[in-house]
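Chains as they are written, first to last, in my numbering: chain A, 252 to 503; chain S, 9 to 148.
Watch out, some of these pointers could steer you wrong.
[Unchecked claim] The calculated label-pair distances, taken between Cβ atoms and stated as ranges, are:
id, chain 1, residue 1, chain 2, residue 2, range
1, S, LYS57, A, ILE474, 36 to 46 Å
2, S, ILE42, A, GLN414, 51 to 61 Å
3, A, GLN414, S, VAL21, 28 to 38 Å
4, S, ALA61, A, ASN332, 52 to 62 Å
5, A, GLN414, S, ASP44, 15 to 25 Å
6, S, VAL21, A, MET465, 47 to 57 Å
7, A, GLN414, S, GLU64, 31 to 41 Å
[What the hints assert, rightly or not] Facing chain A, a subset of chain S residues (Cβ under 8 Å, in silico):
id, residue
8, PHE10
9, PHE12
10, ALA14
11, MET19
12, GLN22
13, ASN31
14, VAL41
15, ILE42
16, ALA63
17, VAL124
18, ALA125
19, MET126
20, LEU129
[Unchecked claim] Some chain S residues well away from chain A (every beta-carbon gap over 12 Å; in silico):
id, residue
21, ASP11
22, ASP13
23, PRO17
24, THR39
25, ASP44
26, LYS79
27, ALA90
28, GLN108
29, ALA114
30, GLN121
31, SER128
32, VAL133
33, SER137
34, ILE140
Honestly, the hints are just simulated from the structure, not real lab data. All of these numbers come straight from a predicted model, not from anything done at the bench. Every residue gets a Cβ at the ideal spot worked out from N, C-alpha and C, and that includes glycine.
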Amino acid sequence: MLNFLDVPNSLTLASLEVGHHLYWQLGNLKIHGQVFIVSWIVIGILVTASLLATRNAQRVPKGIQNLMEYALEFVRDLAKNQLGEKEYRPWVPFIGTLFLFIFVSNWSGALVPWKLIKLPEGELAAPTNDINTTVALALLVSLAYFYAGFSRKGLGYFAKYIQPTPILLPIAILEDFTKPLSLSFRLFGNILADELVVAVLVLLVPLFVPLPVMLLGLFTSAIQALVFATLAAAYIHEAIEGHGDEHDAHSP
Amino acid sequence: MFDFDATLPLMAVQFLLLAALMNVVFFKPMTKVIDDRNDYIRSNEADAKERLAKAERLAKQYETELADTRKAYQATIAAAQADAQKIVDQKIADAQQEAQAQREQAQKELDQQKQVAMQSLEQQVEALSREILDKLLVGI
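In isolation and in its complexed conformation, chain A is listed as follows (with noise of 0.2 Å):
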């Protein structure tokens, strides 16, 4: 769909795969493949960096250990931030994982050479320059915050689309819509332009030009991760807390 620098094949050092997946058939269901690749390393890191940092804990933290702590605590200080210190614990984590994953995802996306590795089709990528894993975490935001509200409120949550003036139900509801659209084209689309960014760059200069642009990568990645996490736990305690008066800003 995107693929438009094919053109002289013999002159590209580095090519642009946009749209072309690595499809796996599952009955008569279509996978990606690549996607579930990088994000199954994705995932052993994290468990395997769990396991190392909890499998000989100290009292006094070392190594592996201090690193996922800090982790913890980030994602903690996160959580509690935008939730309020008596409700933040319950969502620690799905909250953190949801940050542990994305952040992963992209550094991985942006500090592993895929390209070395060759696949028959597509090319191996962070799993969240996919619009499915975007989309999925989103919708599991969009319910999670459904689930937090009616846990909380029963019924009485739909007191809140009406809850200033009635007049306001369609942007209240328009609402639910905008939450996941803004939240999963916002990491696709931070992601996708970094990597086409940096593979633009690498076909025009490959040494050296890149580097500052990868750097940046690196930045919005984190970034990224960091506000889906904290958009996600704003959402939750919108939803706890009713009264639709404080909407966060949808940020870029």
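Chain A is fixed; fit chain S onto it per the hints.
Only chain S this time, still in chain A's reference frame:
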């Protein structure tokens, strides 16, 4: 680019499984480690604070005891000095009295002897004067 297929629900399920797994292998144990450490630090801190307060209380107690003791021994020294002074005064007074008495005694003896001497002298004078008178009157 926007081809949705079975990747989406599978990824969602996979993510939920990952979240559950991470909850078991990472969030729960690590939170427990951190909370345990916080408890440990808090209890240790409370313990240390208690001990510090106790030590300070003991130090204060010792200081007051020290002050009391100092006051007591100063009082003792003062009393002993006063006693000693009294004894000294007493002894001096006694000695002076004795000396006075001895001096008076000596004076008395002296006076007595003087009187005795004067008496004997008077007798001798009388005897002599009689002798002289006898000698003179012999001539007549």
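Could you tell me which of the hints above the structure violates, numbers in ascending order? Structure breaks hints 2, 4, 5, 6, 7, 16, 17, 18, 19, 20, 21, 22, 23, 24 and 25.
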